[in-house]
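Visitor: Here is how the chains run, residue by residue.
2 protein chains.
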Amino acid sequence: MYYVGIDLGGTNIAVGILDENLKIIKKGSVPTRASREYPDILKDMAMLTLRLIDETGLSIGQIPYIGIGSPGSCDRKRGYLLYTNNINFKNVPIRQEIQKYIPLPIHLENDANCAALAESMVGAAKDVDNSITVTLGTGVGGGIILNNQIFTGFNGLAGEIGHIVIHQGGEQCTCGRKGCWEAYASATGLIRQTRHAALGNPNSQIHQLVHGDLDKIDAKTAFDAMRAGDATGTKVVNDYIQYVAEGAANLINIFQPEMLIFGGGVSKEGETLLQPVREIVRNCTYFGGGGVPQTQIVTAETGNDTGIIGAATLGLQ
Amino acid sequence: MYYVGIDLGGTNIAVGILDENLKIIKKGSVPTRASREYPDILKDMAMLTLRLIDETGLSIGQIPYIGIGSPGSCDRKRGYLLYTNNINFKNVPIRQEIQKYIPLPIHLENDANCAALAESMVGAAKDVDNSITVTLGTGVGGGIILNNQIFTGFNGLAGEIGHIVIHQGGEQCTCGRKGCWEAYASATGLIRQTRHAALGNPNSQIHQLVHGDLDKIDAKTAFDAMRAGDATGTKVVNDYIQYVAEGAANLINIFQPEMLIFGGGVSKEGETLLQPVREIVRNCTYFGGGGVPQTQIVTAETGNDTGIIGAATLGLQ
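Those protein sequence lines, which keep their order, are chains A and B.
Residue numbers in the first sequence follow numbering that gives the first Met the number 0, run continuously in steps of one, and reach 316 at the last position.
Residue numbers in the second sequence follow numbering that gives the first Met the number 0, run continuously in steps of one, and reach 316 at the last position.
Just so you know, not all the hints are guaranteed correct.
As the list claims (entries may be wrong) - Derived list of chain A stretches under chain B, where covered just means 3 residues or more per stretch with a C-beta under 8 Å from a C-beta of chain B:
| no. | stretch |
| --- | --- |
| 1 | 99-110 |
| 2 | 159-168 |
| 3 | 237-249 |
What the hints assert, rightly or not - Sample of chain A residues lacking proximity to chain B, with all beta carbon distances greater than 10 Å (derived):
| no. | residue |
| --- | --- |
| 4 | E36 |
| 5 | D128 |
| 6 | I190 |
No lab work stands behind these hints: they were computed from the structure.
Computed from a predicted structure; not experimentally measured.
Think of the CB as a built atom: it goes at the ideal place given N, C-alpha and C, for glycine as much as any other residue.
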């Protein structure tokens with residue numbers, strides 16, 4: 000048996016074929032060109048998939064289903080993408096469109112949930128049953144795995160852990176609320192915080208790091224400034240870590256998962272980020288002591304292929 | 000078969016016997032006198048239970064287990080109460096102590112989880128599988144029911160939904176963090192907010208309502224002032240409702256439960272509280288529209304007996 004996972008992104012469509020050990024044996028991608036109509040985008044997706052299956056020397060009969068991870072909210076039962084703001088998709092019948100070209104069952108899932116499933120299947124959480132994966136990227140995405148399955152809530156929309164308000168009335172979030180965790184702990188939030196700090200501190204090394212062009216600030220800039228001994232960068236990083244930890248402690252108080260996994264761009268900072276997060280969390284989770292086992296806080300292991308792996312394993316939950 | 004539930008509170012120990020339709024057929028209580036040593040308190044608990052069983056004309060053989068709800072954190076497997084700050088209990092072997100007098104299996108559970116189970120078994124959530132019950136009392140307690148079972152997390156400590164920070168760096172919470180939902184949305188928080196507003200507004204009717212004694216402010220005072228047309232009371236209530244709604248929206252974005260149930264003292268305000276909460280939540284939950292079924296927000300139905308009922312049904316999950 001072989002497994003096919005598709006990662007539908009705003010920039011690229013990536014497709015991978017996994018063997019029965021869940022190793023990727025073939026990969027390919029095409030640009031999404033997201034401004035197009037959905038039938039054209041989904042046709043490209045199907046054609047790439049068929050080409051890769053063919054190039055691997057496989058037949059359709061060796062593949063039990065096609066798994067698709069997409070940003071936004073899905074209706075899994077009907078195979079519809081209800082809404083995503085990254086691509087201009089609203090109520091798109093993904094399953095029906097793909098099945099025009101590939102006569103296989105189609106599993107559809109939110110991409111953050113796919114990332115969490117990938118970690119649960121082959122990544123950091125492969126030896127535990129309950130984990131939460133948080134992706135610190137453009138937004139703060141999340142997937143909740145309970146008993147080795149994606150937790151979706153009764154209406155399929157659960158797990159929007161970036162959209163818990165940690166600062167009532169605070170920064171405007173893209174979801175409409177103010178003060179969401181995403182508005183503070185996303186790469187976007189970190190970039191905003193770095194820029195704001197740089198504007199208020201003309202002598203900060205942040206300015207040199209971006210050669211005077213604040214539009215060049217990325218999620219690494221404040222960390223680089225901190226490493227260069229810059230006080231402004233250090234303060235930005237410390238505040239950012241506090242934001243990350245605050246949401247992490249909220250999730251632990253609610254779920255007490257065996258493992259809390261950080262993925263996405265900012266998580267590449269590794270222990271520079273996680274070590275202080277662990278320390279703050281230890282001091283602010285409920286009943287953190289007393290010999291009771293505590294949540295492990297770690298970085299994701301499935302990297303750039305997480306979307307493909309998660310989508311490919313949707314039928315194995 | 001008959002079921003026995005014990006509600007261990009800081010003031011009273013309440014015991015109830017339920018018939019097979021889960022109706023309470025016998026009830027009794029004794030003062031906890033919480034300053035005593037635990038063997039004395041637990042002996043009183045066992046004696047009251049035995050007396051009620053006897054008075055109902057039942058034999059031990061007709062009762063499958065004794066369920067006990069307690070504040071604090073439990074080790075369900077060993078039957079230990081790990082910690083509670085309401086009674087001075089630390090690492091108390093509840094099961095072992097009770098079994099000195101009653102030779103039956105003992106189920107031990109946190110009282111907020113018992114309240115959630117009671118609602119799930121016979122209360123507002125009896126027709127749904129997934130619900131969250133939030134008790135707005137001295138603190139903000141909570142119990143999460145997934146697939147008709149209490150969700151406890153891998154280490155038994157999950158569901159501390161009062162201890163999600165909604166206002167980073169805000170009001171000091173009893174748990175050690177600052178800005179927890181509990182610090183704002185509990186009856187205690189509401190009383191503090193009412194008192195603070197009264198102090199700042201000497202002409203507010205709040206002063207008359209408590210006959211000039213601000214120590215008499217309770218969780219109803221601001222609502223009463225609002226009903227009397229007082230601007231200060233109205234502002235306190237509106238702000239409080241916003242706090243309640245903010246945490247509710249967080250929980251819905253995370254869990255998408257079929258039902259979110261409010262119990263505890265403040266929930267007696269009923270629709271005065273819930274109608275505006277629903278409105279705020281509708282506008283700030285993620286993907287609140289589009290024909291997808293939404294969480295129902297309702298008041299608890301099991302009232303003062305919720306602890307007994309939840310404890311008595313612990314073995315029926």
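Visitor: Take the hints in turn and mark each one as holding or not.
Guide: Against the structure, the hints come out as follows:
1. Taking a C-beta to C-beta cut-off of 8 Å, the stretch 99-110 of chain A contributes 0 residues in contact with chain B, too few for the three needed, and the coverage statement is violated.
2. Requiring three or more residues with a Cβ within less than 8 Å of a Cβ of chain B, the coverage given for the stretch 159-168 of chain A holds, as 8 such residues are present.
3. Here's how the stretch 237-249 of chain A fares: 5 of its residues keep a CB closer than 8 Å to some CB of chain B, so the rule of at least three is met and the hint holds.
4. Chain B leaves A:E36 outside its interface by the beta-carbon criterion, the shortest separation being 21 Å against a cut-off of 10 Å.
5. With a minimum CB-CB distance of about 8 Å to chain B, A:D128 fails to clear the 10 Å threshold, and the non-interface call is violated.
6. In this structure A:I190 is separated from chain B by more than 10 Å, as the shortest Cβ-Cβ distance comes to about 20 Å.
Of the hints listed earlier, those the structure fails to meet are numbers 1 and 5, in rising order.
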